[in-house]
Amino acid sequence: MRIIVDETRCEGYGFCAEAAPHLLELDDEGELTVLSEQVAPDEAANAEAAVRVCPVAALRLQS
Amino acid sequence: MTGIPDGPSLDLDLFSDDALTDPFPGYQLIRDTAPAVYLPRYRSWAMGRYADVRAALGDWESFSSAQGIGLNDLANAATQGMIIATDPPEHDKLRNVLAARLSPKAIRNLKADIERRADELVEPLVRQGSFDAVGDLARAFPISIVLDLIGLPQDGRDKVLGWADAAFSASGPPGPRTDAAFPLLQDQLAYLSSVQPDQLTPGSMGRAIYDAAAAGEIRQESCVPLMSAYVTAGLDTTINAISNAVWYFARDPEQWDLVRADHSLIPGAFNEVLRIEAPVQFFCRVATRDVEVDGQRLAAGSRVMMLYASANRDERKWQDPDRFDVTRNPVDHLAFGYGMHGCAGQGLARLEGHSILGALARRVERFEVGTPVRRINQLIRGLDGLPTTVVPAA
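Chains as they are written, first to last, in our numbering: chain A, 1 to 63; chain B, 1 to 394.
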């Protein structure tokens with residue numbers, strides 16, 4: 001499974017990074033960085049939570 | 001579309017005084033009946049379940065905003081070209097102008113100033129002991145912040161709030177309330193058209209709109225509609241959220257004790273206020289093709305009310321949804337909408353809400369409120385007055 005950020009939609013709310021800190025991070029500039037596009041099985045629940053909490057639907061999972 | 005389409009329908013009045021005062025039984029009936037229910041009075045469908053509303057909001061290609069988000073033709077025509085009533089690619093150009101100034105990154109440097117303003121507003125009110133939590137607190141705060149950020153001249157500011165209230169109500173169904181509100185929406189647009197770019201504070205969010213037009217990023221005729229988006233969406237929404245917070249914490253002091261004991265609950269508490277009392281009750285979408293909602297077919301061209309306020313209390317999604325619980329942290333509530341049209345100012349709204357709750361949590365032990373006066377509006381839900389007495393923290 002991969003986690004994909006639509007950079008044209010992402011506005012940097014950062015809720016995803018709180019939900020999945022091993023996968024996503026807001027850098028010092030407030031820009032979202034993908035730490036790991038590949039989602040390990042034990043991170044799947046966090047990845048799904050990250051997608052769920054994005055207010056602007058900028059994240060999706062691809063299996 | 002003529003006649004009553006196939007499918008579940010309800011002869012429900014969502015816009016009577018009673019329904020606008022307490023809309024939740026009507027929403028419950030809609031949720032209990034079907035994923036989408038036809039409301040013949042408004043020649044519109046209504047969707048009230050969380051998963052369906054969220055999925056539709058996330059699918060702009062099937063559920064378009066470009067034919068307007070309201071329930072009457074006049075308002076839908078008058079709001080053509082406003083960001084709320086656009087689809088991509090037009091939407092994205094306009095959104096970029098707002099996001100450049102409203103994204104969390106863009107407003108980071110406002111935090112200290114907004115927190116200071118919250119303290120300066122709350123401190124004398126608490127000292128005074130009794131105040132109107134709507135007029136003196138909830139309205140005073142966003143008005144001072146938002147109108148300064150937009151950079152509007154002092155002249156005319158006193159009228160902006162009434163216009164914003166009407167700009168929402170004008171999108172209700174045809175009838176006397178819509179007739180009364182519509183001219184005020186026109187007044188708002190006329191006023192904004194009369195404001196010259198050089199009257200807006202240099203560096204302000206309003207000035208940035210005209211700069212974007214001068215740079216060719218958006219069309220000149222998009223400027224006034226974007227200004228309208230700022231002055232409409234930035235006021236009554238936050239105002240209602242703040243007054244609702246005081247109202248809920250007054251009635252549930254144990255929840256206030258939790259927040260006072262642990263200020264890290266403030267963001268979750270603000271989300272919970274928004275969940276249980278969504279300031280914007282609904283906006284519409286129009287199906288661009290025949291669509292299926294949880295197995296139920298809607299014909300192309302169907303107008304559908306997306307009932308955010310109902311989705312936020314859907315028992316399929318939330319446990320004990322009518323209970324106010326600051327530890328719930330319902331971060332995926334739909335009070336800000338969701339997806340491409342998700343509120344562009346939600347970062348600022350949160351900053352304002354968290355700052356006010358923080359300023360109150362440091363100073364107030366108990367809120368005691370008298371009878372609230374409800375403000376009747378066809379799209380937004382909130383109070384017009386809330387007599388409040390506070391017991392200061394020791």
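These aren't lab readings, by the way, just hints derived from the structure by calculation. We put the CB at the ideal spot given by N, CA and C, even for glycine. Certain hints may be false.
So the derived label-pair ranges between C-beta atoms look like this [as the list claims (entries may be wrong)]:
id: 1; chain 1: A; residue 1: L61; chain 2: B; residue 2: D17; range: 41 to 47 Å
id: 2; chain 1: B; residue 1: D290; chain 2: A; residue 2: L35; range: 37 to 43 Å
id: 3; chain 1: B; residue 1: D262; chain 2: A; residue 2: Q62; range: 35 to 41 Å
id: 4; chain 1: B; residue 1: D22; chain 2: A; residue 2: Q62; range: 24 to 30 Å
id: 5; chain 1: A; residue 1: D28; chain 2: B; residue 2: S130; range: 19 to 25 Å
id: 6; chain 1: B; residue 1: G135; chain 2: A; residue 2: D6; range: 40 to 46 Å
id: 7; chain 1: B; residue 1: D187; chain 2: A; residue 2: D6; range: 37 to 43 Å
id: 8; chain 1: B; residue 1: D290; chain 2: A; residue 2: Q62; range: 25 to 31 Å
id: 9; chain 1: A; residue 1: M1; chain 2: B; residue 2: T371; range: 50 to 56 Å
id: 10; chain 1: A; residue 1: M1; chain 2: B; residue 2: R316; range: 45 to 51 Å
Here is how each hint holds up against the structure:
A hinted range of 41 to 47 Å holds for the C-beta pair A/L61 and B/D17, which are about 46 Å apart. A C-beta distance of roughly 42 Å is found between B/D290 and A/L35, which places it inside the suggested range of 37 to 43 Å. For B/D262 and A/Q62, the Cβ-Cβ distance of about 38 Å falls inside the hinted range of 35 to 41 Å, so the restraint holds. Checked against the hint of 24 to 30 Å, the C-beta distance between B/D22 and A/Q62 comes to roughly 44 Å, which is inconsistent with it.
A/D28 and B/S130 have their C-beta atoms about 45 Å apart, which leaves the hinted 19 to 25 Å range violated. At roughly 42 Å, the beta-carbon separation of B/G135 and A/D6 lies within the given 40 to 46 Å, and the hint holds. At roughly 39 Å, the beta-carbon separation of B/D187 and A/D6 lies within the given 37 to 43 Å, and the hint holds. Checked against the hint of 25 to 31 Å, the pair B/D290 and A/Q62 passes, with Cβ atoms roughly 27 Å apart.
At about 54 Å, the CB distance of A/M1 to B/T371 agrees with the hint of 50 to 56 Å. A C-beta distance of roughly 26 Å is found between A/M1 and B/R316, which places it outside the suggested range of 45 to 51 Å.
Violated hints, listed in ascending order, are 4, 5, 10; each of the other numbered hints is respected by the structure.
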